[in-house]
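S.K.: These protein sequences, in sequence, are chains F and D.
Note that our numbering has the first sequence beginning at 1, numbered continuously upward.
Note that our numbering has the second sequence beginning at 1, numbered continuously upward.
Calculated directly from the structure, the hints in this document are not laboratory data.
There's no promise every hint is true.
[Unchecked claim] Non-contacting residues of chain F with respect to chain D, defined by C-beta distances greater than 10 Å in every case (computed):
#: 1; residue: 45
#: 2; residue: 61
#: 3; residue: 63
#: 4; residue: 71
#: 5; residue: 162
#: 6; residue: 198
#: 7; residue: 209
#: 8; residue: 215
[Claimed, not checked] Dumping the calculated EDC-like pairs for lysine to aspartate or glutamate here, alpha-carbon to alpha-carbon at most 20 Å:
#: 9; chain 1: F; residue 1: 61; chain 2: D; residue 2: 29
#: 10; chain 1: D; residue 1: 170; chain 2: F; residue 2: 50
#: 11; chain 1: F; residue 1: 49; chain 2: D; residue 2: 41
These numbers were taken from a predicted model, which means no experiment stands behind them.
Even for Gly, the Cβ is constructed at its ideal location relative to N, Cα and C.
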Amino acid sequence: MTMTEEFRQILDRCIDRINAGEKPEACLADYPQYADQLRPLLQAMSQTKEAYAFTPSASAKAASRQRFTAAWQKLEEKRQAKQPWFGRAFARPATWATVAAVLVVLIVTFVSIRPVLSPVLPITPTPSPDGNFVFLISDEVNAIGDFSSVTVTISKIGLQQKDSGKWLEFKPEITEVDLTQVQGDAVQEVWQGDIPEGQYKQVFIYVDDVRGVLKATGQTVEVKLPSRKLHISQPFVVTTDTVTSFTYDLTVVARGNQQYLLKPQADQSGADQNPRETKDKGNSDNRTKPTPPISHPANLPKKEN
Amino acid sequence: MSAAPGKGKTQVRRQNEARLASLYQEYYDRIARYARVHIGDRTEAEDLAGEVFLKALDSLDSYQERGVPMQAWLFRIAHNLVVDHLRKKAKLKTVPIETIPLESNGDPMKLAERNIELERVNRAMIQLTREQREVLGLRFLGGLTSREVGHILRKNDSAVREMQRAAIEKLRKLLTAEG
Chain F
1 MTMTEEFRQI
11 LDRCIDRINA
21 GEKPEACLAD
31 YPQYADQLRP
41 LLQAMSQTKE
51 AYAFTPSASA
61 KAASRQRFTA
71 AWQKLEEKRQ
81 AKQPWFGRAF
91 ARPATWATVA
101 AVLVVLIVTF
111 VSIRPVLSPV
121 LPITPTPSPD
131 GNFVFLISDE
141 VNAIGDFSSV
151 TVTISKIGLQ
161 QKDSGKWLEF
171 KPEITEVDLT
181 QVQGDAVQEV
191 WQGDIPEGQY
201 KQVFIYVDDV
211 RGVLKATGQT
221 VEVKLPSRKL
231 HISQPFVVTT
241 DTVTSFTYDL
251 TVVARGNQQY
261 LLKPQADQSG
271 ADQNPRETKD
281 KGNSDNRTKP
291 TPPISHPANL
301 PKKEN
Chain D
1 MSAAPGKGKT
11 QVRRQNEARL
21 ASLYQEYYDR
31 IARYARVHIG
41 DRTEAEDLAG
51 EVFLKALDSL
61 DSYQERGVPM
71 QAWLFRIAHN
81 LVVDHLRKKA
91 KLKTVPIETI
101 PLESNGDPMK
111 LAERNIELER
121 VNRAMIQLTR
131 EQREVLGLRF
141 LGGLTSREVG
151 HILRKNDSAV
161 REMQRAAIEK
171 LRKLLTAEG
């Protein structure tokens, strides 16, 4: 660094120090080698600062400040006006407090009326190979002979308890059943698991799709449904120490002109049916093939683990 | 304050507005003193200081810190307003002494001495180049650092220090000559 550049830097530092409130003498004392050069310059600086120093009038400053604050407020109002109503509402702490209070009230209300609502809030039992309840699908023979296959896709099964009115809902483990494979006494097990013991009064299945392939032509025809939710009223009892097998019987009936309808067969359904054959639901290749008939009374002793 | 990614533009804007408002108390005075060096009239200098803050509020979206503190940015606005003001009044080169108002309160003797001193310094100041007056105004009356002055004048620190030294040297000579 040249002497000149060093001097400029020292002068610069001294100006900063004087601006910060120090006396010129303090700076001169720190740089005695440059004191003679610095002194007249710092003196000129002090004279200039002093000459131009003035305190702006308080009233002018206050009026100016007021104009600034008004402009600032106007800007904020403009911004608020541009925001959607919910943005403006939620910008206020009071809105958040109201929302929080409403939420608390809703939660408290829900908790307190939950027992009243419970019949409409379904219970979801979990499947288990050793469960006390087995749900089976079968086909009562009507027009099924016209088909090489009738595949029914079931998305949900529901059971209603008699006393409490509560619904149990569960998704079948096997969702597609070919009715041509479960004709007469043949059945397809689609779910097994534990459900609460007690009396049940209604059963429904949700059918998503039915596809029938005609034997004669190989064509796929529409098999209509009266409703996606096929419901039957068929009371049955479930206990914890027995395995209750409920067979839900479906049947395909001809409506003429190659029109077919799938409907539940209440009189052939229920837990008090005669024993029917079941298939291994774990073997997907054989799912639609009927296994040899087995004795399957409505209430069997529960399997031992 | 720079607009950090992820931060809402409005949020940054609001923070900058609050910051600008917080600078008002101190920097209004400094800007008024700085302006007075150039335009002479005290009342006009005060008006200009107020205008600086309004202008800053209007153009706050264009402010990004990037090493320039907000106070230096305010002085840049003040500098532009001073230039506009002088251009309008065709006073770019000189500030007539008679535009400097006399202080009217306090001890009459001291007041007279002060006004004589102000006239003397002002006569010396108007003989500096506009850029030299600018550097001394920003450094002495605005209280900015050389670096901040450099941002306003778009010069590096070293150039500002050299301009500053030359300006004070010349001012000293002029003041000495004034007696």
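S.K.: Broken hints, numbered, in rising order?
M.R.: 1, 2, 3 and 4
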